[in-house]
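A.B. asks: Protein chains in written order, with the working numbering: chain G, 95 to 410; chain C, 11 to 239.
Among the hints, erroneous ones may be present.
To list a few chain C residues with every Cβ distance to chain G over 12 Å, as calculated [said to hold, decoys possible]:
1) Leu-47
2) Pro-67
3) Asp-68
4) Lys-77
5) Thr-95
6) Lys-144
7) Gly-172
8) Pro-179
9) Met-207
10) Lys-209
So the derived label-pair ranges between C-beta atoms look like this [stated by the list, open to error]:
11) Ala-96(C) - Gly-242(G): 52 to 60 Å
12) Asp-372(G) - Ser-86(C): 31 to 39 Å
13) Lys-410(G) - Leu-73(C): 37 to 45 Å
14) Gln-130(C) - Lys-265(G): 47 to 55 Å
15) Gln-130(C) - Gly-376(G): 40 to 48 Å
16) Thr-95(C) - Lys-409(G): 52 to 60 Å
17) Leu-73(C) - Gly-242(G): 42 to 50 Å
Hint data in this document are derived by calculation from the structure and do not stem from the laboratory.
Where a beta carbon is used, it is the ideal one built from N, C-alpha and C, also for glycine.
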Amino acid sequence: MTQSILSLITVVALAGGAAAEVAYEFVPNFITPPPGKETIGNGHGEIAVDSSGKIYVSVQEANAGIQVYGTDGKFIKALPLPQSLHGFVVRKDGDGEFIFAAVLGEKKVIKAKLDGTVVLEIPTSAFPEGKAGPKGLALTNCDVAPNGDIYVVDGYGQSHIFVFSREGKFKAVFGGPGEPLKLANAHKIFIDRRFEPARVMICDRGHKRMLHTDLAGTFIGEIATEMRNPSSASFHGNLMCVAEIAGNVSVWDKDNKRVADLGTAPKLTNTPKIEPKDWQQGVVTSPHGITFDNDGNILETEWNQWGRVLRWNLKK
Amino acid sequence: MRLGRSIRILAAGGAVLAPLCAFGHAIEYLTAKLTLLPDAFVRLEITADHASNPLIPDEAAALAALKNPLHLQSGSKWLPLSDLTAPKIEHHKDWSRYAPPNLPPPPPEAEHSLITATWQWQHPGDSLIFTVPKGNMHDVFLWQPTQTAEGDAPRWMVLLAGDVTREIPVLPRRWPFWLLLVIPPALLLPWLLLRQMRKGTHANSRAKIPDIDSSQPQGNRHSHVPPNP
């Protein structure tokens, strides 16, 4: 009898564990590139989804820095934005929905409507002096806190994280290479709203780790270490998906447990010139940007000269 | 689930790399050019760029990154390169010398401040196995110049901290020159001795034939021959 009860408890426990697991299936050839193109174009950026489900992908094309796709993956239009939108997010702010982007080549941050109209610019001159390295600012991503503050990271520079007000006025700076965070190539940061209060999630790529701070920059804890160079992330429900540029996509729960790996490359990559003829369905090359859509499916874009987007659907 | 952080990585890639500093994208690893020389000599040239690598802000950091970038397997231990020999350090801006030839040239606006550390040694074993020490934040792009057909893409691999290469065979050792002088005579000598001994034995044997007949008196050796009629 006792054994039966124990067995029952075990089965229930296992079932509970299984319920916490997630599974995805790869969707081949999801994206239909712009007319006349076989691929979407030189990719070194990000991917995001708006509240209506439209997909935004940045490519390195002059005055056409973001391409917009429908929920079916078909090209709709290109937005007249700069060509070096290395990192961006689509966020609701006030009464609208906007693109917040770090323009790597121009060392500035922009806020734009979803049609590409720029409504705010945070220029290089708005950043405090003495924080940029000898090579100047190299802004790689930004995100927006619940109070409207804009967080920007100098990811290819000194890995400082700058905080600006909703109006673009400098407020604070933390992070950087020194104590206590000791960041190195903090490639992208995100506001992790799975937690209350929200946290800053930092892809500390140089140290192959992800970590949390509070919104003031106080260290909370490491999420994971010894990763394949975490480069970008996105949140949905209690989950976080991560693009690891050396060849993996991972999914994590709120307890920092890895719950899925997708598209793992058999050989470490982190190189941008894997030609389309060498692409393998469902296998990543150099994941650089990632997002959940509104249904929890995962879209990933790669550092690739031809441009590549992969999709995995959540198995329900 | 460390996902391949401990797996061995095969370096059979033939892919062509884009400019590592293409439009704002930084060079995020050290490049390590491995040249296998005759007679089991190995040359390893590891280059750090303190103009483009976000992990290397200045010259001092570049030199620090080159102190212990790779370990070499030696028996059951991992040997820091610095334990092999002191490297030759060179400051330069010639990116093409230390990047695979199939890398397109960097964009004209790209600036490089390169420091290359060169180790050269005669390897005692048949093959090399490298690893990036755990905790090292500098990934290593290890590549070998093409040594097969012309136009072949060079072999390359990206190594993260803790990753281990496959076995890379070194070129066979040449026999030392003095050995070439010594070995032929050394091989010939026993043969000559043997030959001499055989000769001697044969001669002795022949010399002993009369001894067989030594029952016959020496002076009568031809005594059996009937006298001419």
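A.B. asks: Could you run down the list of hints and mark each one as holding or not?
C.D. replies: Each hint, compared with the structure:
1. Leu-47: holds (27 Å)
2. Pro-67: Given a closest Cβ separation of 5 Å, the condition is violated.
3. Asp-68: violated (7 Å)
4. Lys-77: Correct as stated: the minimum Cβ-Cβ distance to chain G is 17 Å, above 12 Å.
5. Thr-95: Nearest chain G Cβ is 28 Å from Thr-95(C), so the label holds.
6. Lys-144: Its Cβ does come within 12 Å of chain G, the nearest being 8 Å, so this is violated.
7. Gly-172: violated (7 Å)
8. Pro-179: Given a closest Cβ separation of 20 Å, the condition holds.
9. Met-207: holds (64 Å)
10. Lys-209: Lys-209(C) clear of chain G: closest Cβ-Cβ about 67 Å, beyond 12 Å.
11. Ala-96(C) - Gly-242(G): 52 to 60 Å: With a Cβ separation near 56 Å, Ala-96(C) and Gly-242(G) satisfy 52 to 60 Å, so the hint holds.
12. Asp-372(G) - Ser-86(C): 31 to 39 Å: Taking Cβ atoms as reference, Asp-372(G) and Ser-86(C) lie about 37 Å apart, which means the hint holds.
13. Lys-410(G) - Leu-73(C): 37 to 45 Å: violated (54 Å)
14. Gln-130(C) - Lys-265(G): 47 to 55 Å: holds (54 Å)
15. Gln-130(C) - Gly-376(G): 40 to 48 Å: holds (43 Å)
16. Thr-95(C) - Lys-409(G): 52 to 60 Å: holds (55 Å)
17. Leu-73(C) - Gly-242(G): 42 to 50 Å: Given about 44 Å between the Cβ atoms, the range holds.
Taken one by one, the earlier hints fail for this structure at numbers 2, 3, 6, 7 and 13, listed in ascending order.
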